[in-house]
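Protein chains: 2
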Amino acid sequence: MSFCPKCGSIVEQAIPEGDNRLRDICTSPSCGKIHYQNPRVITGCIVESEEKILFCRRAIQPRYGLWTLPAGFLENSETISEGAARETMEEANADVEVIDLFSVFTLAHINQVYMLFRATLKTPHFGPGMESLEVELLDESQVPWDQLAFAAITETMRLYFADRKAGGFRTHIGEMRPIGEPGCRQYETLMLN
Amino acid sequence: MSFCPKCGSIVEQAIPEGDNRLRDICTSPSCGKIHYQNPRVITGCIVESEEKILFCRRAIQPRYGLWTLPAGFLENSETISEGAARETMEEANADVEVIDLFSVFTLAHINQVYMLFRATLKTPHFGPGMESLEVELLDESQVPWDQLAFAAITETMRLYFADRKAGGFRTHIGEMRPIGEPGCRQYETLMLN
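Which chain is which? The protein sequence lines are A and B, in order.
Residue numbering for the first sequence follows the working numbering, starting at -10 and increasing by one per position.
Residue numbering for the second sequence follows the working numbering, starting at -10 and increasing by one per position.
Treat the hints with caution; some may be incorrect.
For identical chains, the list gives no copy identity; a pair is met inside one copy or between any two copies.
Below, computed lysine to aspartate or glutamate pairings styled on DMTMM-like, alpha-carbon distance capped at 25 Å [as the list claims (entries may be wrong)]:
| id | residue 1 | residue 2 |
| --- | --- | --- |
| 1 | K(-5) | E129 |
| 2 | K41 | E67 |
| 3 | K(-5) | D128 |
| 4 | K(-5) | E177 |
| 5 | K22 | E79 |
| 6 | K111 | E71 |
| 7 | K22 | E120 |
| 8 | K22 | D135 |
| 9 | K111 | E125 |
Note that these hints are calculated values from the structure, not bench results.
Isolated chain A, as found in the complex:
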């Protein structure tokens, strides 16, 4: 941030009184507003249909052409489950009933919190939205593990199939930290529970 969104003056980074972090602060004495920046939530669905799960192949960057669950940034004025259902409608044209929160992964290095919900189809209809090349119901043996777009999705699905085999679902909380060379997209996963 270079300019104050409120008054247009130059912004500088400093630690406000009583704070312990660098913030973007407006340099205008008549404004002086402190602009906080915080992580964003990505919300989405594991849509269950009998033994299969709904996957979308991405028609947008990043990770064009790879597979993912329907998910995207939580918007203002919606709940996390409303956001998960909205993203599923937008990306997969699927009308879903959200059941429960399945996984929460923080990716602190990119200021993101993934929250993925189990959901079921209200109607049997689905198909690619604007951001998807194709949408398919896949059983576990059909999941293209080496063509999944995001590590948090891969780990969520690994936990999902393990829970399903074990006979019960719970809410998993974890984080993913990049390891190895920058940009190599390798992560270590640390679970809280």
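Put chain B on the given structure of chain A with help from the hints.
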């Protein structure tokens, strides 16, 4: 937002191509940046010590003088459980081990997602930080229910004591919607699970 944080030009609200929501868009042809605004996460702890829970009396607005759990905005570059532990150190000088996610409440009308974790004290020490007037371990009968600062905290503690009586904790997902007159601080609580 009135001015572009990137280039300082005037911002106007419009729906970008391929989007369906009003966004703040820079009017400068050489910039044109779209500025998204998203909900923020509030993360905190239910700190357990034997049968008691750690409560803080607020030394800051809003809700000065009322009681709450140690909690605050998730910061960039930290996980949700790290943020919960950090807020507990800042507000209650308590060093905690975070156990598991207990409740998630979306307050969509103010673009907030509360995430509260069960935690235990690593050491028996605690006391008021800069933002607290006092910090106390309270058992269920001592909780000042009519002096709690935030509805999401009240509902979280109600669920917590109910789970404890029932003999097991799980992760609760819900939302709070304001009802009645604006500003009257009355909510209806809707649980997903």
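- prompt: What are the numbers of the hints the structure violates, in ascending order?
  reply: Of the numbered hints given earlier, those the structure breaks are 1, 2, 3, 4, 8, listed in rising order.
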